[in-house]
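> What follows is the residue order along each chain.
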Amino acid sequence: MPPEENELLTRAQIAGRVDLDRATYDALIAHGWSDHPYEVCGFLAAQNGRFARHYEIPNAARSMTYYSMDPKAMLRPLREIEDHGWDLGIYHSHPHTEAFPSPTDVQLAHYPEAVYLIVSLQDRDQPVIRAFDIVEGKITERMVYVDGMQAPVGQR
Amino acid sequence: MVKRRSIRKESEAVAIEVRVPTVLRKHTGGENKISGVGTSLRELLDDLDARNPGLRGALISEDGQLHRFINVYVNDEDVRFLGGVETELQEGDQVSILPAVAGG
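So the protein sequences, as listed, match chains A and B. Here the first sequence is numbered in the working numbering, starting from 1 and rising by one per residue. Here the second sequence is numbered in the working numbering, starting from 1001 and rising by one per residue.
FYI, nobody ran anything at the bench for these hints, they're computed from the structure. Be aware that a few hints might be false.
[Claimed, not checked] Straight-line distance between alpha carbons at most 25 Å, and here's what the computed DMTMM-like set of lysine to aspartate or glutamate pairs gives:
{"no.": "1", "chain 1": "B", "residue 1": "1033", "chain 2": "A", "residue 2": "125"}
{"no.": "2", "chain 1": "B", "residue 1": "1026", "chain 2": "A", "residue 2": "83"}
{"no.": "3", "chain 1": "A", "residue 1": "138", "chain 2": "B", "residue 2": "1093"}
{"no.": "4", "chain 1": "B", "residue 1": "1026", "chain 2": "A", "residue 2": "82"}
{"no.": "5", "chain 1": "A", "residue 1": "138", "chain 2": "B", "residue 2": "1078"}
{"no.": "6", "chain 1": "B", "residue 1": "1026", "chain 2": "A", "residue 2": "87"}
{"no.": "7", "chain 1": "A", "residue 1": "72", "chain 2": "B", "residue 2": "1093"}
{"no.": "8", "chain 1": "A", "residue 1": "138", "chain 2": "B", "residue 2": "1077"}
{"no.": "9", "chain 1": "B", "residue 1": "1033", "chain 2": "B", "residue 2": "1093"}
[Unchecked claim] Residues of chain B placed beyond 12 Å of chain A at every Cβ, according to the derived structure:
{"no.": "10", "residue": "1071"}
{"no.": "11", "residue": "1088"}
{"no.": "12", "residue": "1096"}
[Unchecked claim] FRET-style restraints, in silico, Cβ to Cβ:
{"no.": "13", "chain 1": "B", "residue 1": "1076", "chain 2": "A", "residue 2": "104", "range": "39 to 49 Å"}
{"no.": "14", "chain 1": "B", "residue 1": "1061", "chain 2": "A", "residue 2": "80", "range": "47 to 57 Å"}
{"no.": "15", "chain 1": "B", "residue 1": "1063", "chain 2": "A", "residue 2": "62", "range": "42 to 52 Å"}
{"no.": "16", "chain 1": "B", "residue 1": "1022", "chain 2": "A", "residue 2": "30", "range": "23 to 33 Å"}
{"no.": "17", "chain 1": "A", "residue 1": "153", "chain 2": "B", "residue 2": "1022", "range": "42 to 52 Å"}
Since the model is a prediction, treat every value here as computed from it, not as a measurement. Just so you know, even glycine gets a beta-carbon here, dropped at the ideal spot from N, CA and C.
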């Protein structure tokens, strides 16, 4: 497709930031590779504004283009995060496409309180994690910081 | 040892606590926990819908079954592996509603 059209699909207004610690950032990428070329998924929890805890949840679909969290496995982590009053993050991987929400991601984004993180393994040498708010179909991107340093954004 | 099923009169209402996800709290006046009565999930949802209009419709489709992208749990068990909307409920059961987490 023409570049300008591609641009429209993969850009959103940028507002705010999301902070992760290095160990968590690296763990998400390692998780992405662990079942490559299938998509992986999980939750993140932030205390005091920094995501430093993650929960790997089985992808019941075990697909290269789709993920669906195992219903039973997602219950306890979500309850723990809510009961502690932690901020919620939801991540999944895009093994072959860029780190931007697909139409399906937007359609099925039913956690308006969550930050959605996408781990792209499209560039094997430079994995990219980008973060988004997805509220009632509207995507807003947040800049990702790892231990206070801005993370690579890849092609945008 | 605790007996799972307590003895109760036929007509006695069974109070069940329900955890409601953020996206559905527009139906509950912002409450994250509500309670209702019913001896099955279907009865409970009917009862809840009377005080929380729109809640049942957000969970059940026209064919009377749970929406594909809604998970309902009774005591940590996905009701799809119990009796679906006909799952029996008992005093003290905990019901949790969670939207599925899925995407492409």
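> Now tell me if each hint is right for this structure.
Do the hints match the structure? See the list:
{"no.": "1", "hint": "1033(B) with 125(A)", "verdict": "46 Å, violated"}
{"no.": "2", "hint": "1026(B) with 83(A)", "verdict": "20 Å, holds"}
{"no.": "3", "hint": "138(A) with 1093(B)", "verdict": "37 Å, violated"}
{"no.": "4", "hint": "1026(B) with 82(A)", "verdict": "18 Å, holds"}
{"no.": "5", "hint": "138(A) with 1078(B)", "verdict": "30 Å, violated"}
{"no.": "6", "hint": "1026(B) with 87(A)", "verdict": "20 Å, holds"}
{"no.": "7", "hint": "72(A) with 1093(B)", "verdict": "17 Å, holds"}
{"no.": "8", "hint": "138(A) with 1077(B)", "verdict": "33 Å, violated"}
{"no.": "9", "hint": "1033(B) with 1093(B)", "verdict": "13 Å, holds"}
{"no.": "10", "hint": "1071", "verdict": "4 Å, violated"}
{"no.": "11", "hint": "1088", "verdict": "19 Å, holds"}
{"no.": "12", "hint": "1096", "verdict": "7 Å, violated"}
{"no.": "13", "hint": "1076(B) with 104(A): 39 to 49 Å", "verdict": "28 Å, violated"}
{"no.": "14", "hint": "1061(B) with 80(A): 47 to 57 Å", "verdict": "30 Å, violated"}
{"no.": "15", "hint": "1063(B) with 62(A): 42 to 52 Å", "verdict": "28 Å, violated"}
{"no.": "16", "hint": "1022(B) with 30(A): 23 to 33 Å", "verdict": "30 Å, holds"}
{"no.": "17", "hint": "153(A) with 1022(B): 42 to 52 Å", "verdict": "28 Å, violated"}
Violated hints for the displayed structure, listed by number in ascending order: 1, 3, 5, 8, 10, 12, 13, 14, 15 and 17.
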